[in-house]
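Kindly produce the complete structure, drawing on both the sequences and the hints.
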Amino acid sequence: MIDTRLHIEALPGCGAVVRNVDLTQTGDGEIDQIRQALFDHGMLVFRGQSLTPEQHIALAERIAPIDVNRFFPADPAYPVIAKVEKTAEQTTNIGGGWHTDHSYDREPAMGSILVARDLPPSGGDTLFADLYAAWATLPDDLRAKVRDLRAVHASDHVFGETGAYAGTDRKELAKGGVETPETVHPVVIRHPGSGKPVLYVNPGFTMRFEGMTREESLPLLMKLFAHAIDQSRVYTLRWEPGDVAMWDNRATWHFAKNDYHGHYRLMHRITLGGCALEAA
Numbered sequence: 001m002i003d004t005r006l007h008i009e010a011l012p013g014c015g016a017v018v019r020n021v022d023l024t025q026t027g028d029g030e031i032d033q034i035r036q037a038l039f040d041h042g043m044l045v046f047r048g049q050s051l052t053p054e055q056h057i058a059l060a061e062r063i064a065p066i067d068v069n070r071f072f073p074a075d076p077a078y079p080v081i082a083k084v085e086k087t088a089e090q091t092t093n094i095g096g097g098w099h100t101d102h103s104y105d106r107e108p109a110m111g112s113i114l115v116a117r118d119l120p121p122s123g124g125d126t127l128f129a130d131l132y133a134a135w136a137t138l139p140d141d142l143r144a145k146v147r148d149l150r151a152v153h154a155s156d157h158v159f160g161e162t163g164a165y166a167g168t169d170r171k172e173l174a175k176g177g178v179e180t181p182e183t184v185h186p187v188v189i190r191h192p193g194s195g196k197p198v199l200y201v202n203p204g205f206t207m208r209f210e211g212m213t214r215e216e217s218l219p220l221l222m223k224l225f226a227h228a229i230d231q232s233r234v235y236t237l238r239w240e241p242g243d244v245a246m247w248d249n250r251a252t253w254h255f256a257k258n259d260y261h262g263h264y265r266l267m268h269r270i271t272l273g274g275c276a277l278e279a280a
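In the UniProt record's numbering, the protein residues as written are 1 to 280.
Because the hints were derived from the structure by calculation, they are not lab data. Check the hints yourself; a few may be wrong.
To be verified - Computed spacing ranges between beta-carbons, pair by pair: (1) THR137 to PRO76: 23 to 29 angstroms; (2) THR24 to GLU215: 48 to 54 angstroms; (3) ALA276 to GLN231: 28 to 34 angstroms; (4) HIS7 to THR137: 23 to 29 angstroms; (5) ARG5 to GLU216: 50 to 56 angstroms; (6) ASP75 to ASP22: 19 to 25 angstroms.
To be verified - Computed list of lysine-lysine pairs in DSBU-like fashion (alpha-carbon distance at most 30 angstroms, straight line): (7) LYS223 to LYS257; (8) LYS257 to LYS175; (9) LYS196 to LYS145; (10) LYS223 to LYS145; (11) LYS145 to LYS83; (12) LYS257 to LYS83; (13) LYS196 to LYS223; (14) LYS83 to LYS223; (15) LYS171 to LYS83.
Note that beta-carbon positions come from the ideal geometry of N, C-alpha and C, so glycine has one too.
Below is the structure:
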């Protein structure tokens, strides 16, 4: 008899690796287990997979509704797949700083499924930080200061006409004319899938606390950011051919290392739709 039970093993710092699974042959029960494990651990790694683009899409549709990213270039043959690509000639990568995707949206994307397509000979790791643990270990004085706050998130400073990408060799990501209004979320949310409290701010898109200027907000934000990326709460994913990673934007941050200049890297990403977030 074939053993169809999933083996889920926690990784150091953040996330879990899921073994004994072929993502092209999963039943509904396994999909439910994977979805709940994603909510509970924040990030999942599946080694040794061989997903075609069609299978990647089919898997995503079983986890959650697909939310097409409006900033990243799409694969011409598969519009719901974003190409996270860096050529050998380019110097700027995508996602090269700590952030969580789509926090600038009123209903932030639940997460993403990333498939390794073409890897450099070395480098190109992705770091993940555990924001469940960040809140659980936050000192009491900081908890008291932020528990009832709300924070303003935005994207124009990154993806706007004069944003961070505009002056780089990735200016195709500077989507001038795309409406990206500021959005407000609780600083501490109750995760809709696990029920656990999560620290929900990030260096990439959190601008300030509601009712405060950015200058007034930065000292406290910087303390939260530094706490979240303590190495005890970070896992480094060293990609191998065939790897698939899923992450939950509500429970993690990620950071794509840009240490493979002169080499090509292509990842396929599908974004998963989410919901409005409530305070813990």
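Results for each hint:
At about 45 angstroms, the CB distance of THR137 to PRO76 disagrees with the hint of 23 to 29 angstroms. In this structure the supplied range 48 to 54 angstroms holds for THR24 paired with GLU215, their Cβ-Cβ distance being about 51 angstroms. Between ALA276 and GLN231 the Cβ separation comes to about 33 angstroms, which falls inside the hinted range of 28 to 34 angstroms. Range check, HIS7 to THR137: Cβ separation about 27 angstroms, and the 23 to 29 angstroms hint holds.
The supplied range of 50 to 56 angstroms is met by ARG5 and GLU216, whose beta-carbon atoms lie about 52 angstroms from each other. The supplied range of 19 to 25 angstroms is met by ASP75 and ASP22, whose beta-carbon atoms lie about 23 angstroms from each other. Taken as a hint, the LYS223 and LYS257 pair is honoured in the structure, with Cα atoms around 23 angstroms apart against an allowance of 30 angstroms. For the hint linking LYS257 to LYS175, the alpha-carbon distance of about 23 angstroms falls within 30 angstroms, and the restraint holds.
Between LYS196 and LYS145 the alpha-carbon distance is near 19 angstroms, which keeps this suggested pair within the 30 angstroms criterion. Among the hinted pairs, LYS223 with LYS145 is consistent with the structure: their alpha-carbon atoms are about 12 angstroms apart, no more than 30 angstroms. Among the hinted pairs, LYS145 with LYS83 is inconsistent with the structure: their alpha-carbon atoms are about 40 angstroms apart, more than 30 angstroms. Under the criterion of a C-alpha separation no larger than 30 angstroms, the hint pairing LYS257 with LYS83 is consistent with the structure, at around 17 angstroms.
Simply put, LYS196 and LYS223 have alpha-carbon atoms about 22 angstroms apart, close enough for the 30 angstroms limit, and the pair holds. For the suggested pair LYS83 and LYS223, the alpha carbons sit about 34 angstroms apart, so the restraint of at most 30 angstroms is broken. A threshold of 30 angstroms between alpha carbons decides the hint, and for LYS171 with LYS83 the separation of about 15 angstroms falls inside it, so the pair holds.
Of the numbered hints given earlier, the model fails hints 1, 11 and 14; all others are met.
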